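Add chain B to chain A, keeping to what the hints say.
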Amino acid sequence: MEILRYALYRFGTMLLTLLLVSVLVFCIINLPPGDFLSNQIAELRATGQEAGVAKAEFLRREYALDKPLWQQYFIWMGLLPGPHGFSGMLQGNFGWSFEFDRPVSEIVGDSLWLTVLVNLAAVLFVYLVALPLGVLAAAKSRTMIDYTAAFIGYLGLATPNFLLALILFYYGHQYLGLPIGGLMAPEYEGEPMSWEKVRSILIHLIVPTFVIGTSGASAMMQRLRANMLDELGKPYVETAVAKGMRPSRMLMKYPLRVAFNPFVADIGNLLPAMVSGSVLVSVVLGLQTIGPVLLQALKSQDMFLSGFVLMFVALLTLIGTMISDVLLVLLDPRIRYESRDT
Amino acid sequence: MRPLLSVEDLSIGFGKDNPVVRNVSFSVAAGETLAIVGESGSGKTISCRAILRILPRAARLTCGRMILAGKGDGGDDSGDLDLARISEKQMRHVRGNRIAMIFQEPMRSLSPLHRIGNQVSEVLHLHGRTSEAEAKRQVLECFERVGFPDPERTWRSYPFELSGGMRQRAMIAMAMVAKPELLIADEPTTALDVTTQAQVLGLMKELQQETGMAMILVTHDLGVVANMAEQVVVMHKGRVMEAGAAEPILRAPAHPYTQELFNAAPKIPQHPTAGRDTGTKGQDKDLILELKHVTKTFTLRSGKSWSKPTLVRACEGVDLELPRGTTLAIVGESGSGKTTAARIALGAETVDPGGEVLFRATAGADPLRVHDMERAARRAFQRQAQMVFQDPYSSLSPRQRILDTLSEPLEIHGTGSRANQRADHRDRAAEMLGLVGLPTDMLTRFPHAFSGGQRQRLSIARALMLDPKLLVCDEPTSALDVSVQEQILSLLEEIRDARQLSYLFISHDLAVVARIADEVAVMRRGMIVEQAPPEVLFHDPKHPYTKALIAAQPVPDVDRPINLKLVAQGAGAPENWPEAFRFAGQDAPPLVPLDPGHKVRCHV
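Taken in sequence, the protein lines are chains A and B. Start counting the first sequence at 699; every next residue gets the next number (the working numbering). Start counting the second sequence at 94; every next residue gets the next number (the working numbering).
Derived by calculation from the structure, the hints in this document are not laboratory data. Just to be clear, a hint being listed does not mean it is correct.
[What the hints assert, rightly or not] In silico DSS-like links for lysine-lysine, alpha-carbon gap of 27 Å or less:
#1 B:229 to A:838
#2 A:932 to B:658
#3 A:932 to B:272
#4 A:838 to B:182
#5 A:951 to B:385
[Unchecked claim] A short list of chain B residues far from chain A (calculated; beta carbon distances all over 10 Å):
#6 147
#7 295
#8 654
[To be verified] Which residues of chain A face chain B? A few of them, derived with a C-beta cut under 7 Å, are:
#9 838
#10 929
#11 933
#12 939
#13 940
#14 941
#15 942
#16 946
#17 956
Model, not experiment: these values are computed from the prediction. For glycine and all other residues, C-beta sits at the position ideal for the given N, C-alpha and C.
For reference, chain A alone in the conformation it holds in the complex (with noise of 0.2 Å):
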């Protein structure tokens, strides 16, 4: 009962952040001189072109671009009435983009949940990986298995993504008949799910899986294996091996569980990081995510776009860290009991 009552205020929080959040991010894509309307509007003017002019000022009018900048935020969000009543974040409407000319919701469309299935099979793949590796090599550390385990990581840490992905691909599709970019087979884009499209995306989330994943899995693994040694070196594993315990059954229960605590705190860190990190690897796989349509959002000032991408990736950010938050006080007693009393 006490977990859900503070999993319920940790909600609370995230949702009062989540507004904040929205005014810095509405704040920096209004940072620009101008905006992408009445940059076109002046280029249009320049180059005589009038008829495209009155389009331009019918959707600045259309979207309150020629409100205050205060008025035009709580019109964003939906918490004022705009040109056409209550319509921003809140009812749903996202806006327009001016840069493809159509609603945003349209075009973030697929690109959101398969950036939430790149992202979470990143996630899945740096934990799988960073685990064991992390444990064995501060069990056998100072032995040839922890060097080599480091120096993997290494190369993993020091290896461009952008050039591990190339590599990958023409090795992939050379040996294993691996596909080359996107995330499933061209005939399928625009259709409906099957297994057969389902079975073309997992094979060609392989290669970004990997490419993403590596560096984030090397980084937590020598974390994992710096706290693991700090911990094997406490009293109360002396204490458990002096209980006759065997030492692979030790390991387990007692410092990998108190190493745990940090290993899930990153959570939270690792979705920003793997969403901002993979922009140019998206570029690059061709992936359609999320990452390569901010960047070109912001290159355009295409700020309805733009306030949306940044807007979900702070939403990722904080239902990480809220998930990482309510697991930590599951896992930990010591911070589950420091609100009850002292």
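Positioned in the frame of chain A, the structure of chain B alone reads:
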């Protein structure tokens, strides 16, 4: 009788270096206690860990045999085992099952994330003794035996919910639950308060008598040896200096090193000695420091903002007077408020309204109110009052050379002429090093090049750099070996007399205080319960808590064992004190002068 465990010719080394333990032999019989005594670095801990082969990875047993006698009952454990040679698997069967171990730091020797019940019952599961339900029954029984009032609750608790003494009881339960033949206790009570130590030692002795197990007790404290051991081994630098039955050795140590240890051990004087004449017995006392009605309440904020915060009284109505050139000691166990009182005296902590601290830099000067000073006055006060900290290992910056550490106070207070400031500071630092007995060519070294005792000398030198009038010493010797402790105390006395310093001396150790103090205040839970000069306090203690503290102090004298009854009564709740001292809740009786200079908190 055949010994249960006999260690013969044991040597342990790290890599190719000289062995750290050389040709050590000892043996222990069932029902008997063997004490291994030595200072830090003597190899006592590593020798006893070698028995269970719990050694750092780089350590090697280079020679020797460790024979654990078999039970001779035709069962699995019938034959003799050489612990130095059996396989890891056989060793695991011995660990926790036939030989159990208790470690020094109960705070850190239990996993913080697992419930006590889980950690203790694990021993039974590991050795495949019993079913789940039977294991729990045995563990609960064991909890009750070691003195947990509510075993079920202990079973569900996490270590951080228990006090230090209770955690050590949990450790003892963990060691005892499988009914081992031998218990190895590595400094089991060093981290505990003295009354708790007495009770834990008493418990261990009782358990030994009940079960007939053998015990190896590793300790630095000859007092503990005198109370516990039948056999004793004195170690120094990896070698055995003296070994044999405890009583003759304690009565008449033969080896010079053992004698040295004895002489260094601070003792509570048994017969009244004339107090040091401080020349301040007259009517107008020249007080350098005065605490008046000092009360300090801390607010413990609970994590939830809507629940009421808890108030904790760290100090309650503390009145203290420190005459110039003397030492006032505050004695108490952890949580008694002694350190808070010291911090208040230095102005590092505020006081609750109504209390004040007065400081007089020179005789007859106007008193300074420590908690009501302007910035400039505060700086001037800080020059006059300095502190020596408890832990010499963490109170010196490892990245600063000694010269920089020593001259930092001078820089902060901007003393010395600007022209040749550096040279001035250097001279001053060299002078102070000389004063504390260190060679002056050590100025350019870093702290890691110094031993614990040398570091504490450096801390004292640092405190003296500004030529203060008052030193607050917060347990300055508790992290040190006895022989070093002795030297530091002598140094502090010398400096006090040579420079007319006044000390406010905080300690948990009555024996240390007995030696250095002119006046002792005993604190318990924020209140002074008794105050007198040491020669009065130790020979005519009135308050049950003072009596308990004195009784609990292990003395290296086989004829003066710890009186557990006195300890239990005085260290218990105030409701159980004798009539004259008893109180409940906040209604403590006042501190009344029984004789001139002897104040006791009691009903008159």
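Quick rundown of the hints versus the structure:
no. : hint           : result
1   : B:229 to A:838 : violated, 35 Å
2   : A:932 to B:658 : violated, 36 Å
3   : A:932 to B:272 : holds, 26 Å
4   : A:838 to B:182 : holds, 19 Å
5   : A:951 to B:385 : violated, 54 Å
6   : 147            : violated, 6 Å
7   : 295            : holds, 23 Å
8   : 654            : holds, 30 Å
9   : 838            : violated, 11 Å
10  : 929            : violated, 10 Å
11  : 933            : holds, 4 Å
12  : 939            : holds, 6 Å
13  : 940            : holds, 4 Å
14  : 941            : holds, 4 Å
15  : 942            : holds, 4 Å
16  : 946            : violated, 12 Å
17  : 956            : holds, 6 Å
Hints 1, 2, 5, 6, 9, 10, 16, counting from the list given before, are not met by this structure.
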